[in-house]
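A.B. asks: Start from the sequences and build out the full structure, keeping to the hints where you can.
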Amino acid sequence: MKIDDYKVELSSENLSINYSKVSQQIRRYKTPDTLEITVTEKKPEIDEKTLQKIKILVAMIEKLTGRKIKLYLPSSTYDIEVNQKKGQEVVEFTNEQESLDVQQSNFTAQGYVKTKDGREINFSAKFEQFKLEYSYSKTSGKTTDPLVLKLGNNSSEKKLAEMDLNFDGQNEKFYIGGENGFLVYDKNNNGYVDDAKELFGPQTNDGFSELSQFDSDKNNWIDENDLEFLKLKIWTTNEQGKEKLVGLLDLNVGAIFLGNVSTPFDYEDHMVRSSGVYLSEDGTVGTIRQIDIKV
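Sequential numbering of the sequence shown, starting at 1, is according to my numbering.
Please note that the accuracy of each hint is not assured.
Simulated restraints, written as ranges between beta carbons of each label pair [said to hold, decoys possible]:
# : residue 1 : residue 2 : range
1 : Lys7      : Glu281    : 48 to 58 Å
2 : Thr108    : Gly191    : 34 to 44 Å
3 : Leu15     : Asn171    : 33 to 43 Å
I should point out that these hints are in silico values taken from the structure, not numbers from a laboratory. Beta carbons: idealized from backbone N, C-alpha and C, even for Gly.
C.D. replies: Now the structure itself:
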């Protein structure tokens with residue numbers, strides 16, 4: 001799909017009521033830049049046989065000259081390599097609450113697009129989220145926020161995946177597959193998610209902004225007009241729960257709109273931060289969300 005003209009309206013209504021004793025803290029900071037210094041020792045390559053020959057030669061010279069000769073063997077040398085690692089954005093959270101918690105978030109999208117081949121597509125989409133509960137809970141940890149496409153009727157099995165999402169050297173556990181798929185930039189086109197740098201969001205905590213860098217024709221859509229479109233993949237699973245990367249067109253995703261609105265909603269293992277839309281090749285509309293995974 002190639003977008004020629006469009007009009008899109010996004011809106012959201014959000015409600016949160018808490019009658020409770022609530023303590024919530026979210027801290028954002030950047031870790032300091034660090035220097036990684038690697039020292040490699042190189043020892044002189046003199047085998048025992050050669051060393052014995054040198055000692056015999058020294059002894060002969062001492063006998064001929066009558067003078068004592070000091071033998072100096074070459075010492076080890078050292079290669080020093082210095083690499084600078086830039087600090088990372090970190091979000092830490094602590095929640096403690098005893099409350100009656102009511103949350104509601106409504107998202108609507110409507111508009112039309114005209115494609116390069118002359119098709120005109122009118123679309124509308126909406127979803128509602130509602131939660132009512134009384135609870136006491138205390139949670140703490142860090143969040144990282146990739147972009148996730150809601151794929152609708154996807155029969156794939158969920159799988160627990162592991163990856164260092166916040167670049168602290170420790171793998172975090174999270175689910176992939178099911179009705180959600182992680183948006184991936186397969187830079188080296190090897191068919192695998194090498195690390196969290198190939199996701200949209202973990203490096204800057206702003207996945208939509210990172211994705212906008214691939215809008216080469218600056219039309220506010222990620223579509224087939226953009227140079228890197230074919231390298232954008234969906235990280236999901238097959239029906240047996242095996243991980244796979246699938247091209248956008250192979251999942252009928254024709255274009256992703258870069259506009260988004262805030263739709264805050266808190267789930268047990270993640271928080272929805274903002275939402276937008278994408279268009280399928282058949283003209284139907286789906287949603288793309290930036291979520292904060294609690295790690």
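A.B. asks: Hint by hint, note whether the structure agrees.
C.D. replies: Now for the hints, and whether the structure bears them out:
1. Lys7 / Glu281: 48 to 58 Å: At 20 Å between Cβs, range violated.
2. Thr108 / Gly191: 34 to 44 Å: holds, 36 Å
3. Leu15 / Asn171: 33 to 43 Å: Taking Cβ atoms as reference, Leu15 and Asn171 lie about 36 Å apart, which means the hint holds.
Of the hints listed earlier, the one the structure fails to meet is number 1.
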